[in-house]
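Model the placement of chain B on the given structure of chain A, informed by the hints.
Number of protein chains: 2
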Amino acid sequence: MSDYVVAVDVGGTSMKGGVVTRSGEVAATDRRPTGREGGPDAVVATIRSFVGDLADRGSSIFGTGPAAVGIAVPGLVDDATATALYAANLGWRDVPATDFVPLDVPALLGHDVRTGGLGESVLGAGRELSDFLFLPIGTGIAGAMIITGEPYAGTSGWSGEIGHIPVFPDGETCACGQTGCLETYASASAVGRRYSARADRPATAKEVAALTAAGDPVATAVWDEAVEALSLALATYTLLLDPSAIVLGGGLAEAGPLLSAPLAERLAKRLSFRSAPPLRRAVLGVDAGMLGASLLGWRAAGVRDAGASWTLDVPTTPMVS
Amino acid sequence: MSDYVVAVDVGGTSMKGGVVTRSGEVAATDRRPTGREGGPDAVVATIRSFVGDLADRGSSIFGTGPAAVGIAVPGLVDDATATALYAANLGWRDVPATDFVPLDVPALLGHDVRTGGLGESVLGAGRELSDFLFLPIGTGIAGAMIITGEPYAGTSGWSGEIGHIPVFPDGETCACGQTGCLETYASASAVGRRYSARADRPATAKEVAALTAAGDPVATAVWDEAVEALSLALATYTLLLDPSAIVLGGGLAEAGPLLSAPLAERLAKRLSFRSAPPLRRAVLGVDAGMLGASLLGWRAAGVRDAGASWTLDVPTTPMVS
Numbered sequence: 009m010s011d012y013v014v015a016v017d018v019g020g021t022s023m024k025g026g027v028v029t030r031s032g033e034v035a036a037t038d039r040r041p042t043g044r045e046g047g048p049d050a051v052v053a054t055i056r057s058f059v060g061d062l063a064d065r066g067s068s069i070f071g072t073g074p075a076a077v078g079i080a081v082p083g084l085v086d087d088a089t090a091t092a093l094y095a096a097n098l099g100w101r102d103v104p105a106t107d108f109v110p111l112d113v114p115a116l117l118g119h120d121v122r123t124g125g126l127g128e129s130v131l132g133a134g135r136e137l138s139d140f141l142f143l144p145i146g147t148g149i150a151g152a153m154i155i156t157g158e159p160y161a162g163t164s165g166w167s168g169e170i171g172h173i174p175v176f177p178d179g180e181t182c183a184c185g186q187t188g189c190l191e192t193y194a195s196a197s198a199v200g201r202r203y204s205a206r207a208d209r210p211a212t213a214k215e216v217a218a219l220t221a222a223g224d225p226v227a228t229a230v231w232d233e234a235v236e237a238l239s240l241a242l243a244t245y246t247l248l249l250d251p252s253a254i255v256l257g258g259g260l261a262e263a264g265p266l267l268s269a270p271l272a273e274r275l276a277k278r279l280s281f282r283s284a285p286p287l288r289r290a291v292l293g294v295d296a297g298m299l300g301a302s303l304l305g306w307r308a309a310g311v312r313d314a315g316a317s318w319t320l321d322v323p324t325t326p327m328v329s
Numbered sequence: 009m010s011d012y013v014v015a016v017d018v019g020g021t022s023m024k025g026g027v028v029t030r031s032g033e034v035a036a037t038d039r040r041p042t043g044r045e046g047g048p049d050a051v052v053a054t055i056r057s058f059v060g061d062l063a064d065r066g067s068s069i070f071g072t073g074p075a076a077v078g079i080a081v082p083g084l085v086d087d088a089t090a091t092a093l094y095a096a097n098l099g100w101r102d103v104p105a106t107d108f109v110p111l112d113v114p115a116l117l118g119h120d121v122r123t124g125g126l127g128e129s130v131l132g133a134g135r136e137l138s139d140f141l142f143l144p145i146g147t148g149i150a151g152a153m154i155i156t157g158e159p160y161a162g163t164s165g166w167s168g169e170i171g172h173i174p175v176f177p178d179g180e181t182c183a184c185g186q187t188g189c190l191e192t193y194a195s196a197s198a199v200g201r202r203y204s205a206r207a208d209r210p211a212t213a214k215e216v217a218a219l220t221a222a223g224d225p226v227a228t229a230v231w232d233e234a235v236e237a238l239s240l241a242l243a244t245y246t247l248l249l250d251p252s253a254i255v256l257g258g259g260l261a262e263a264g265p266l267l268s269a270p271l272a273e274r275l276a277k278r279l280s281f282r283s284a285p286p287l288r289r290a291v292l293g294v295d296a297g298m299l300g301a302s303l304l305g306w307r308a309a310g311v312r313d314a315g316a317s318w319t320l321d322v323p324t325t326p327m328v329s
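The listed protein sequences correspond, in order, to chains A and B.
All the letters of the first sequence, read from the start, carry residue numbers 9 to 329 under the numbering used here.
All the letters of the second sequence, read from the start, carry residue numbers 9 to 329 under the numbering used here.
Please keep in mind that the hints were generated in silico from the structure rather than gathered at the bench.
Some clues are possibly wrong.
As the list claims (entries may be wrong) - With beta-carbon atoms standing in for the labels, derived distance ranges: (1) B:Ala-269 - A:Met-9: 54 to 62 Å; (2) A:Arg-282 - B:Ser-57: 27 to 35 Å; (3) A:Ser-57 - B:Glu-136: 54 to 62 Å; (4) B:Ser-317 - A:Asp-112: 38 to 46 Å; (5) A:Ser-67 - B:Ala-88: 34 to 42 Å; (6) B:Asp-87 - A:Ala-207: 25 to 33 Å; (7) B:Phe-281 - A:Arg-209: 28 to 36 Å; (8) A:Gly-223 - B:Ala-276: 38 to 46 Å; (9) B:Thr-21 - A:Ala-269: 55 to 63 Å; (10) A:Ala-269 - B:Thr-106: 52 to 60 Å.
Glycine is no exception: its CB is placed at the ideal position from the N, C-alpha and C atoms.
Just chain A, same shape as in the assembly (with noise of 0.2 Å):
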């Protein structure tokens, strides 16, 4: 069996590619626009293409093709066929995983969350737990729910969309069509968003953790709001599946204790007859689809425990004990 596999990590605009021994050895990586202004069976192609040449470069150090390909993509995916079944941001319906793979290997197919769930069980910050959420907080919020080792996907793909619960019932709208969603009060652009259109001028989230930092009342409210509505989503998430820890990943954990002290704080509030699981902070930051991916990758050429040993540099300290 050849030594390396091709993993691709697909986002709405860009994807993120990597060449990764068996080892964990990440020995190339590349990034590509997916070009989704082309439409969908161009986005399929550039897909295809970007997982030709990582082919081509790991030939080029290793004297041969891939053992297998993984890939994580966004939208609901049938992993029971590897195919991509929908996915909004990038308009492809039906999509087979060997659509994207211009070889002749076995390829897997993952849900992009749920493979960066993944990523963080088996290389990270779930190193040593079998149950867990894994909560990356960025443009949306959509988490992979670890249960028995494993990203659980739900009957048909559409499992972890704690974005989309509501928090506040009587609440605001969210773009989805709902009100009171957990990603309309707490996502790094609803924090962005929300500032903005108090303080009237434009603010990332990033922004408006240094001004909550700084003590500015306005940051500091919409800091707050987004605070209180992760702490009601993560108690129902504690409530119903009694997790050993949530993982906080994605743009807003950047802001560390700034988020993970009071929603830590209030998150025990929000508990009574049982103690809240300790928060993490995910330790493959930006890289935990493309490392997720590359272990579909050694799972589709037959090497299930691939990762278990590899040693990654992941601290595992909680952020807030």
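Just chain B now, with coordinates in the frame of chain A:
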């Protein structure tokens, strides 16, 4: 191997027992008070003696002792060590399964709601489903989350506490000390209590249902708020866990379409980008726990697939499809 097991379902005030054969015949049943006023040690002794008496019943029918014992108990259960860790209403702490069994036969202990969910999963409304929520709505509300074919306990046995998720964050105070819990609006007890407070006369949930059906405005308002709270909780469950169905049980589900029709309608309205799972009615009724405990008993005896071939008379038509 002996051809029967002893099964016991322990509730707060009384317990139900059965002698159940390998083919699913319930050869004998019995009921007895837990005697909780006597304290936890007395309750354990009462259960132990109940198990012994049921084994005697089985012996008199079949001529031998039972193959094994299965017991469902309330509170917190550690499946791995078969220990009843804690039960608020019975007062015990850390009781090993063997303390409940006066015979030298294998025994398994299960959480009451999850054991009922196991019953509905193997024998009842979830017979052909691998992923669903079993939601008995009675004095309180807790759910059994069936995930990939088995009731899921969570990290520490605290899963499924859907009765205490904050559906109205600034709502009424729950007995648990939190605000806006589902249970404080939608349990059978809550429906009776909330009507009684407004109408200034005592009523059960069953009476409130009848008054609602007859057009009484106070009853209708209370019923409506229960349905609204349930629709929020089930929307949240659906978005997180993507179940293939929700199986409603307990006293409140006896209202039939008076509950399920408006609930299905509001649940669908609370979901934007995905469809609602169908609502089904639980079919094992008050026997779910005892029948689930009999499956635990057969598992303890090494018959892992017990129940698969049993033909109880259980319809599986959805309440609302």
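Consistency of the hints with the structure:
no.: 1; hint: B:Ala-269 - A:Met-9: 54 to 62 Å; result: holds, 57 Å
no.: 2; hint: A:Arg-282 - B:Ser-57: 27 to 35 Å; result: holds, 32 Å
no.: 3; hint: A:Ser-57 - B:Glu-136: 54 to 62 Å; result: violated, 44 Å
no.: 4; hint: B:Ser-317 - A:Asp-112: 38 to 46 Å; result: holds, 44 Å
no.: 5; hint: A:Ser-67 - B:Ala-88: 34 to 42 Å; result: violated, 48 Å
no.: 6; hint: B:Asp-87 - A:Ala-207: 25 to 33 Å; result: violated, 52 Å
no.: 7; hint: B:Phe-281 - A:Arg-209: 28 to 36 Å; result: holds, 32 Å
no.: 8; hint: A:Gly-223 - B:Ala-276: 38 to 46 Å; result: holds, 45 Å
no.: 9; hint: B:Thr-21 - A:Ala-269: 55 to 63 Å; result: violated, 44 Å
no.: 10; hint: A:Ala-269 - B:Thr-106: 52 to 60 Å; result: violated, 45 Å
Of the hints listed earlier, those the structure fails to meet are numbers 3, 5, 6, 9, 10, in rising order.
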